[in-house]
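Order-wise, the sequence lines are chains A and B. Numbers 1 to 115, taken from our numbering, label the letters of the first sequence in order. Numbers 1 to 117, taken from our numbering, label the letters of the second sequence in order.
Simulated from the structure, these hints should not be mistaken for lab results. Computed from a predicted model, the values in this text were never measured in an experiment. The reader is advised that the hints may include incorrect statements.
[Said to hold, decoys possible] Straight line, CA to CA, 16 Å or less: simulated EDC-like cross-link-like pairs of lysine to aspartate or glutamate: (1) A:Lys41 to B:Asp8; (2) B:Lys49 to B:Glu66; (3) A:Lys64 to A:Asp27; (4) B:Lys104 to A:Asp88; (5) A:Lys66 to A:Glu52.
Each chain is listed here by its residues.
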Amino acid sequence: GAVVSQHPSRVICKSGTSVKIECRSLDFQATTMFWYRQFPKQSLMLMATSNEGSKATYEQGVEKDKFLINHASLTLSTLTVTSAHPEDSSFYICSAVSNVGSPLHFGNGTRLTVT
Amino acid sequence: AQSVTQLDSQVPVFEEAPVELRCNYSSSVSVYLFWYVQYPNQGLQLLLKYLSGSTLVKGINGFEAEFNKSQTSFHLRKPSVHISDTAEYFCAVSELSRGTSYGKLTFGQGTILTVHP
Chain A
1 GAVVSQHPSR
11 VICKSGTSVK
21 IECRSLDFQA
31 TTMFWYRQFP
41 KQSLMLMATS
51 NEGSKATYEQ
61 GVEKDKFLIN
71 HASLTLSTLT
81 VTSAHPEDSS
91 FYICSAVSNV
101 GSPLHFGNGT
111 RLTVT
Chain B
1 AQSVTQLDSQ
11 VPVFEEAPVE
21 LRCNYSSSVS
31 VYLFWYVQYP
41 NQGLQLLLKY
51 LSGSTLVKGI
61 NGFEAEFNKS
71 QTSFHLRKPS
81 VHISDTAEYF
91 CAVSELSRGT
101 SYGKLTFGQG
111 TILTVHP
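Here chain B stands alone, though its shape is the one from the complex:
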């Protein structure tokens, strides 16, 4: 079984500042890795995913994440945040061994990013 830990439950930051949301995972097999964003009372929107290849993944809205296998981490970063980035962010993993789609996800606890003017 796999698990996902998001180290910060809340991250306040000022507009135009850089931000990093941390995510660590554990799994006995190789995994796919995802970051999702959730706005209030809405579903989830995929920001980016790592399946294979380059460990630096670029996503939507200027976000990027780097897969570090040795540290089992997949931290999300953005060099300059906007007020509109205020939302909750979830890191998730899906085991490669399942042989099915990426739908059976294990989510982290979520990080609430609040961008202040």
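Just chain A, same shape as in the assembly:
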């Protein structure tokens, strides 16, 4: 079946540094990718929708300058957490879909810890 690979699975960084998370569709072309964030003991919240070759659409309350999303190819989207702070510590999950009406596939997530 379709696979979405997310890397890294875990990352620890110091406050003020930037962290890049990659989301790759391994056996299909992902026209749209979604980035979610999950705080401990909470549900997943959609952060942004990313379409290949265009700017991401951010949900209300998500800082676009802090969470930079790039979807430069049909198989890769990246989320960069810039100038990370401890409150950015969370579980970030991407999902990808090939086209309208097709199934959604999730990556295994990235646990970010900012110290």
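Given chain A, put chain B in place with the hints provided.
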């Protein structure tokens, strides 16, 4: 805008017992409905989805769910659970009106199912 409420944050149950995880939603338009399972430190795996047609949907691992439009519910059930079913389960909706994929999901708060031997 839509919302999803999972009525139970935790459900403990003994192995081989039946289980029902409850989910209610609200939306001003028609929706697609999903149940996902999440194992610790992993992403989400789709259990089943309701798009149209029969209101009783069968998914993987012996789970099923029934869409009840009048009660705006989509409860998940399994007649006999296993230890391996211990995980967190999320109900989610996607608005039909968006005209795009099912990716823009609104999730419930999650229900932690713990199966005891």
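Tell me, which hint numbers fail for this structure? 3, 4 and 5
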